[in-house]
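Just so we're aligned: 178 in numbering that gives the first Met the number 0 is position 179 of the sequence shown, and the numbers increase by one with no gaps anywhere.
These aren't lab readings, by the way, just hints derived from the structure by calculation. Ideal placement from N, C-alpha and C gives every residue a C-beta, glycine not left out. Just to be clear, a hint being listed does not mean it is correct.
Okay, the calculated beta carbon distance ranges per label pair [what the hints assert, rightly or not]: (1) F196 - A136: 34 to 44 Å; (2) L137 - R82: 22 to 32 Å; (3) S209 - G178: 42 to 52 Å; (4) G5 - R82: 19 to 29 Å; (5) Q203 - R9: 16 to 26 Å; (6) A77 - F23: 45 to 55 Å; (7) A28 - T166: 37 to 47 Å; (8) G108 - I169: 41 to 51 Å.
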Amino acid sequence: MFRLLGFDVRVGTGFLIFLGLFVFLYQDAFGLWLAASLAAFTLLHELGHAVAARSAGAHASISLEFLAGYTAFRPDPARPISRPRRALISVAGPGVQIVASVLVLVALGVNPFSVDSVRAGTDATAAIWWAGPVIGALNLIPVMPLDGGHLALVGVERWFGDRALRTMAIASIVLTVGGAIVTALVWETTFVIFIAFLVISQVQLLQSTSKRGGASGAQSSAQRALAAETAAWQHGNAGLLEPGQWDG
Numbered sequence: 000m001f002r003l004l005g006f007d008v009r010v011g012t013g014f015l016i017f018l019g020l021f022v023f024l025y026q027d028a029f030g031l032w033l034a035a036s037l038a039a040f041t042l043l044h045e046l047g048h049a050v051a052a053r054s055a056g057a058h059a060s061i062s063l064e065f066l067a068g069y070t071a072f073r074p075d076p077a078r079p080i081s082r083p084r085r086a087l088i089s090v091a092g093p094g095v096q097i098v099a100s101v102l103v104l105v106a107l108g109v110n111p112f113s114v115d116s117v118r119a120g121t122d123a124t125a126a127i128w129w130a131g132p133v134i135g136a137l138n139l140i141p142v143m144p145l146d147g148g149h150l151a152l153v154g155v156e157r158w159f160g161d162r163a164l165r166t167m168a169i170a171s172i173v174l175t176v177g178g179a180i181v182t183a184l185v186w187e188t189t190f191v192i193f194i195a196f197l198v199i200s201q202v203q204l205l206q207s208t209s210k211r212g213g214a215s216g217a218q219s220s221a222q223r224a225l226a227a228e229t230a231a232w233q234h235g236n237a238g239l240l241e242p243g244q245w246d247g
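Start from the sequences, fold in the hints, and give me the full structure.
See the structure below:
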């Protein structure tokens, strides 16, 4: 663990293994650049969330784990975070990631909006393109636990209230499985592993909403939020966090 810009940053062993897999699988310069780019842009992504959360008066901390990072934030009880501010926190991560990576690519002479330009570049620029704008854009897909899912959750809460998180978890599983089938039929199955872990996290999230239901009446929302963050921080399981506490 270390501190960056005033935030605690925890780097899990799983995150290092995740980066090492790319180096092992590619065994070339592209694999090294991809691992380095993923590390840099994942951290930058989470810093975007953390800074936005701090600007809303919340205490934020960052954790980098296998396949993902997440930012946990605990609001100040005297300064509740509004839905628009929560939406801004969700967008801040991929927004910073996309803007920063696009600027880097432009500075390197690559048009980030042209696949031909990216292919004509170097291993470094190709890796930055994948780890930056591509993954940043994918993160905006409206399924949990992606940032797009949290953005959608803000709107769903207006209609479903306390059932919003469970509703989003179910909808996310349906949409992800449907997307996986379409992807397998139309494109190559490059993202099968990512999709599989995405579904696993969604199932865990759905299970966690069921477990919370029985005890929700015995604790205040602040107590549940604190307990959820503590458990998630200890176990590295983002699905344990309460709605609004984290963004993947």
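Hint numbers contradicted by this structure
Hints 1 and 3 not satisfied by this model.
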